[in-house]
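Protein chains in written order, with the numbering used here: chain A, 1 to 456; chain B, 457 to 922.
These are calculated hints, taken from the structure and not from any lab test. A quick note: this is a predicted structure, and the numbers were derived from the prediction, not measured. All C-beta atoms, glycine included, are put in the ideal place defined by N, C-alpha and C. There may be inaccurate statements among the hints.
Computed cross-link-like contacts, BS3-like style, restricted to lysine-lysine with a CA-CA straight-line distance of at most 30 Å [to be verified]: (1) A/K121 <-> B/K715; (2) B/K587 <-> A/K186; (3) A/K32 <-> B/K914; (4) A/K216 <-> B/K674; (5) B/K554 <-> B/K896; (6) A/K186 <-> B/K869; (7) B/K618 <-> B/K541; (8) B/K869 <-> A/K121; (9) A/K357 <-> A/K264; (10) A/K321 <-> B/K587.
Which residues of chain B face chain A? A partial, calculated answer using Cβ under 10 Å [stated by the list, open to error]: (11) T550; (12) L552; (13) A553; (14) P575; (15) G839.
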Amino acid sequence: MSDLLTSAETAVKLAMKKGFEEAEAFTSKITKQEIIYRGRIEATKTNIIAGLGIRGIVDQRIGFFSISSLERRDIEYAIDQAFKIAIATNEDSDWKSLPREYGKTSVEKVVDKRVEQLTAKDLVSEVRLVLDTVREVDQSLEVTRGYIATGVSSNAIANSHGCKLERKETNAASWIAVKAGGSNGKGVSHEFSQSRHWRGLKNEPLARSVSERALKMLHAKTVPSGKLSTVWRNDVFGSVIDAMLTRIITADAIQKNRSPWAGKIGKPVASEQVSIVDEGTMAAGIGTRHFDDDGVPQKRVPVIEKGILRGFLYDCYTAYKENRKTTGNAHRDFGTFSSPPNYMKTPSPYPNNLIVKPQGASPDELIRETRNGLYIVETIGEWLSNPISGDLSATVASGFIIEKGELGRAVKGMIVSANFFDVLRGRMDLRANDLENAGPVYAPTTQVLDMTVSGE
Amino acid sequence: MEDLLQYLTNKARDLGVQYTDSRFQDVKQTLITAENGSLRSYESDRSFGVGIRVLVDGAWGIASSTILDRKVLGQKVSEAVRMAKAARKLTASTRLAKVKPVEATFKLPIKIDPDNIPPDVKVKALLEANKSGRSGAGIKNSFSRLGFLRDVRMFTSSEGAKIKTDITTCGFSQSSVAEANGSMERVPEQRSQCAGYEFIEDGDWNTFAGEVSQLASKAVAAPMPPPGTHVAILDPELIGLFLHEALGHASEGDLVVSKESVLEGRLGDSIASESVTIYDDGLISSGYVVPFDDEGVPKTKTTIVEKGRLAGFLLSRDTAPELGLEPTGNARAQSFEHKPIVRMTNVYMQPGSYSFDELLREIDYGFYIRGRGSLGGQVDVGGGTFTFRAGPSYLIEKGELKHMVRAVSLAGKVLETLRTIDAIGKDFTVTTSVFGGCGKDGQMAKVGDGGPHVRLGKLTIGGRTD
Chain A
1 MSDLLTSAET AVKLAMKKGF EEAEAFTSKI TKQEIIYRGR IEATKTNIIA
51 GLGIRGIVDQ RIGFFSISSL ERRDIEYAID QAFKIAIATN EDSDWKSLPR
101 EYGKTSVEKV VDKRVEQLTA KDLVSEVRLV LDTVREVDQS LEVTRGYIAT
151 GVSSNAIANS HGCKLERKET NAASWIAVKA GGSNGKGVSH EFSQSRHWRG
201 LKNEPLARSV SERALKMLHA KTVPSGKLST VWRNDVFGSV IDAMLTRIIT
251 ADAIQKNRSP WAGKIGKPVA SEQVSIVDEG TMAAGIGTRH FDDDGVPQKR
301 VPVIEKGILR GFLYDCYTAY KENRKTTGNA HRDFGTFSSP PNYMKTPSPY
351 PNNLIVKPQG ASPDELIRET RNGLYIVETI GEWLSNPISG DLSATVASGF
401 IIEKGELGRA VKGMIVSANF FDVLRGRMDL RANDLENAGP VYAPTTQVLD
451 MTVSGE
Chain B
457 MEDLLQYLTN KARDLGVQYT DSRFQDVKQT LITAENGSLR SYESDRSFGV
507 GIRVLVDGAW GIASSTILDR KVLGQKVSEA VRMAKAARKL TASTRLAKVK
557 PVEATFKLPI KIDPDNIPPD VKVKALLEAN KSGRSGAGIK NSFSRLGFLR
607 DVRMFTSSEG AKIKTDITTC GFSQSSVAEA NGSMERVPEQ RSQCAGYEFI
657 EDGDWNTFAG EVSQLASKAV AAPMPPPGTH VAILDPELIG LFLHEALGHA
707 SEGDLVVSKE SVLEGRLGDS IASESVTIYD DGLISSGYVV PFDDEGVPKT
757 KTTIVEKGRL AGFLLSRDTA PELGLEPTGN ARAQSFEHKP IVRMTNVYMQ
807 PGSYSFDELL REIDYGFYIR GRGSLGGQVD VGGGTFTFRA GPSYLIEKGE
857 LKHMVRAVSL AGKVLETLRT IDAIGKDFTV TTSVFGGCGK DGQMAKVGDG
907 GPHVRLGKLT IGGRTD
């Protein structure tokens, strides 16, 4: 048995002794290695974080406290704090119980042994590869910022119903910013890649793509205001879906009237061409885990099937409230590399791997099909959109005019807007075959018709 | 703890590093959430750990751990040195600006330690405010939070610096969702201050929550603005966000050194109208309090723009020498595990002489852009494009405020938009937030910002015509 599981079980026992009627402990150990560079390496980093979150229930009152330690005295301190909180809070009449059964599903490729064995030298040689590739594309290019980071995350969970489980995942991420044009240049481009696997980062093509685009962005200008059809690169469209959908398809948003889709199960919310599924067990998926943060196996959850709203994402709390089964979507973090360690939060429902169903065309075919419009490659501020009203807006940081089915001049600086619910209902029917992820969302390159463009 | 940090400093010295510093941090956070009349969650945590930084052959090696054991941390120091050495052939040849090592203790004076207020008192206050947020036409969701943060940091360096800071921050936030005619709109808003529980006790959060809900009720029925480029007045909350995105990030020394910032090489150039003066100040009243940065450098009041000219950058000890300038105390780390990087503290514009009516009077057609309900902003520093999302705002016609407009996105270019500032109000407000912060390179930092009401001649407003 690992230290993590032992600590979790010890914490549960101590919590029950303290007077809780039910208790659960979630423990984490996260090790990270990172290398930060500009033109040259600026810093190397190695981190270790260990901690525990304790949740206890007494008279339907819930207390939670977390601490960055697995030492016995700190566990006891955390339990005392959680107990103080529990007895001070009001009864939660929706509280049923902690899960009485845990389970593990079989998932593939969530651990890469290579990530666990990486040395600083491996990371350094990958940085060298990035820098060499950029220089190979054009000597005048400058790598203004970049990092390569890897992590191993181990967790254990145990509760007073005798359930216990543990799991491990690996992560790797790479981010590159490149600038063209010397000191007067304004051609800037960024690329990000994230994978469960060290070799999944594909640093060389990433460096090539970011360099080539930075050169093209040198003379980018805005466009006149008006209406345009748009094609969104896969990962950028993924971040749009992340901003617009992930917070309205969770059961807590529905139960608390924070979602316009409450009461719409079985009704059309999108055109027949649109299907979206949360694939909790996808091989090597960024959100794939043997079990969710409640201790329940992850699975496949249809959200939209051929335009019909089929289901929402549940954790145990929201599921038990409706006397139904959880969908295995409990999360204690939100999947990003910089989010706080997962032991610090209580679970809430969130997508595992939310997939927008791709179609058969290549991205190039999509651009040809669009004839005239805008190809959007990088945006800022799409996360500032309002998922409840459906008001989507994003500012284009890098894009290209589509003229007669071909990519034309580089553009940036305009705001593109639409009502996302209208987009779902027949304005995003044409999609490519190239799934890529942005956080928990996997999307293909997608055409969005009739967007309002605020430019000059 | 001082002994442990001293032990790590000695250990690093023995390994032959050029320079080393160690940071211990002990953070207590509490976030209490109520939704639609009931308590949703009461989350509280305590995180502590040590971060060690070594400079070896011009490269930083950084190690951190939550396990405060001499043996574990000692191994981490060796690992940091080993990693820095592995990067030897590709390192940046970092130089450190000379600073006088400081020995100091700074504890923000507070009247009531939030820890001494029993949880049930906090829950009661929160639930009352949450209930007030449920009033208003068509309110479907009232979501309220109380947030508390105590951030204690210790810093020691091989040069002899020894600093301890202790900052407490409290805040209340309300987010309300209203529905009308099949549409929904959410309006979020918060108030925070570096202070003790007295800030919560003295505030009228019931009224605050009610006002946010009324704003949501009104906004859901409001039209969107027409797309295009317009004249705009930004209120103090929004001018803060605007300065943060449109100028602040571009003035960060690391982005200047790497030539990513559009302000690189422009020191002394005119970048804004003559009436514009902008500061970054760690100790401005009602901002986030930063007396020293995470390199032990006092955070001085830095002039970024003086009478329209670019007067300075925000600098750390390793970026200042690259530009031949002095460090400004802006090297900040999210926590003990992060590398200190150049960050803003509180960026604000100096007030001018215009009353609000005078700002309004000369506008034939434009928008009054409000911060209440704003969702935040983002900048592409290299490309020079910034964007932010305002709260419910107002149309201006013939010098008068007209109807409300909602879902207002704004965008502009760093170097162009500042020049269009043509009138500056005489009011002044700075705000901070215990709930959010500014994200950069995967790190969050607590910041503040503000200024007076300001008029801009040209701002791209992303409306919609469907």
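When the hints from earlier in the document are held up against this structure, which numbers fail? Failing hints, ascending: 2, 3, 4, 8, 12, 13.
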